[in-house]
Amino acid sequence: MGTVFSLDVRGGEPGAVRAALEEAVAGLRRVDEVFSTYREDSQISRLARGELDVGACDREVAEVLELAAEAERVSEGWFSTRYRGELDPTGIVKGWATERAARRLLAAGASGVSVNGGGDVQLLGSPGTGRPWRVGVSDPLRPGGLAAVVSAAGARDLAVATSGTAERGDHIVDPRTGLSAVTDLVAVTVVAPRLTWADCWATAAFAMGSREALRWLESLPDTEALLITAGDEVRCTGNLAAWLG
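Numbering (the UniProt record's numbering), first residue to last: 1 to 245.
Calculated from the structure, these hints are not laboratory results.
Since this is a predicted model, take the numbers as computed values, not measurements.
You may find that some hints are simply not true.
What the hints assert, rightly or not - Listed next, with one range per pair, are the computed distances between beta-carbon atoms:
#, residue 1, residue 2, range
1, Glu212, Gly136, 21 to 29 Å
2, Ser180, Gly2, 33 to 41 Å
3, Asp222, Ala26, 28 to 36 Å
4, Gly128, Ser6, 36 to 44 Å
5, Pro221, Ser6, 23 to 31 Å
6, Asp222, Glu66, 19 to 27 Å
7, Gly11, Arg82, 36 to 44 Å
8, Gly85, Glu13, 31 to 39 Å
9, Ser180, Leu52, 44 to 52 Å
10, Val149, Gly85, 23 to 31 Å
11, Gly130, Val182, 14 to 22 Å
12, Arg176, Ala153, 38 to 46 Å
13, Leu87, Val4, 24 to 32 Å
Just so you know, even glycine gets a beta-carbon here, dropped at the ideal spot from N, CA and C.
With the sequences and hints as input, model every part of the structure.
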């Protein structure tokens, strides 16, 4: 998927957790084989060229495309699986794959799991008694600095996803035009229980621009966000402060 994954697993029976860790890593590699748009022989590339139909693909392909259709509906079209006219569900795949790996480890008996896929993080359980997981949010305008620290205190499931231009430049597309999104934002960080959705919502919100994005994010249940504009303005949803610390 063109990025780095890190997995932090606490507690559980060592043998079971080690086996689950190997399965989780193998699962991430398989996701890359199936969904990579850079591989000519991937199922998603062959599906886009009309060489396969969904029924001939791994069952995960149908699952991801159904989730992506739901993301498009909820975002009123601001999230899309079409990239410059071609099928490309990679906007949802990384978050979905990261969350799936984390849940596989928790199901194996781990008491705390943190899986980081290219800076987007799924947190489950806790790292220790009385200790919450904490995630630093990079400041897009001050390299090496933090814009905020998200704490998972009080949450069994929490995800943190950021979309913006600081790491990869202008890579987010406005689905209405097929061109790079013209927006006043440099970064959107979304906090929600599931990384599958947090990742989608961050991408969609970035394309919308700060005013429409803030209104839309406020309407989503169990979702908070931090928006940073190119003018160094910080805008937040109403209950974001509950997750900072």
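Here's how the hints hold up against the structure:
no., hint, verdict
1, Glu212 / Gly136: 21 to 29 Å, "27 Å, holds"
2, Ser180 / Gly2: 33 to 41 Å, "18 Å, violated"
3, Asp222 / Ala26: 28 to 36 Å, "31 Å, holds"
4, Gly128 / Ser6: 36 to 44 Å, "18 Å, violated"
5, Pro221 / Ser6: 23 to 31 Å, "29 Å, holds"
6, Asp222 / Glu66: 19 to 27 Å, "21 Å, holds"
7, Gly11 / Arg82: 36 to 44 Å, "42 Å, holds"
8, Gly85 / Glu13: 31 to 39 Å, "49 Å, violated"
9, Ser180 / Leu52: 44 to 52 Å, "30 Å, violated"
10, Val149 / Gly85: 23 to 31 Å, "40 Å, violated"
11, Gly130 / Val182: 14 to 22 Å, "46 Å, violated"
12, Arg176 / Ala153: 38 to 46 Å, "39 Å, holds"
13, Leu87 / Val4: 24 to 32 Å, "26 Å, holds"
Of the numbered hints stated above, those contradicted by the structure are hints 2, 4, 8, 9, 10, 11, listed in ascending order.
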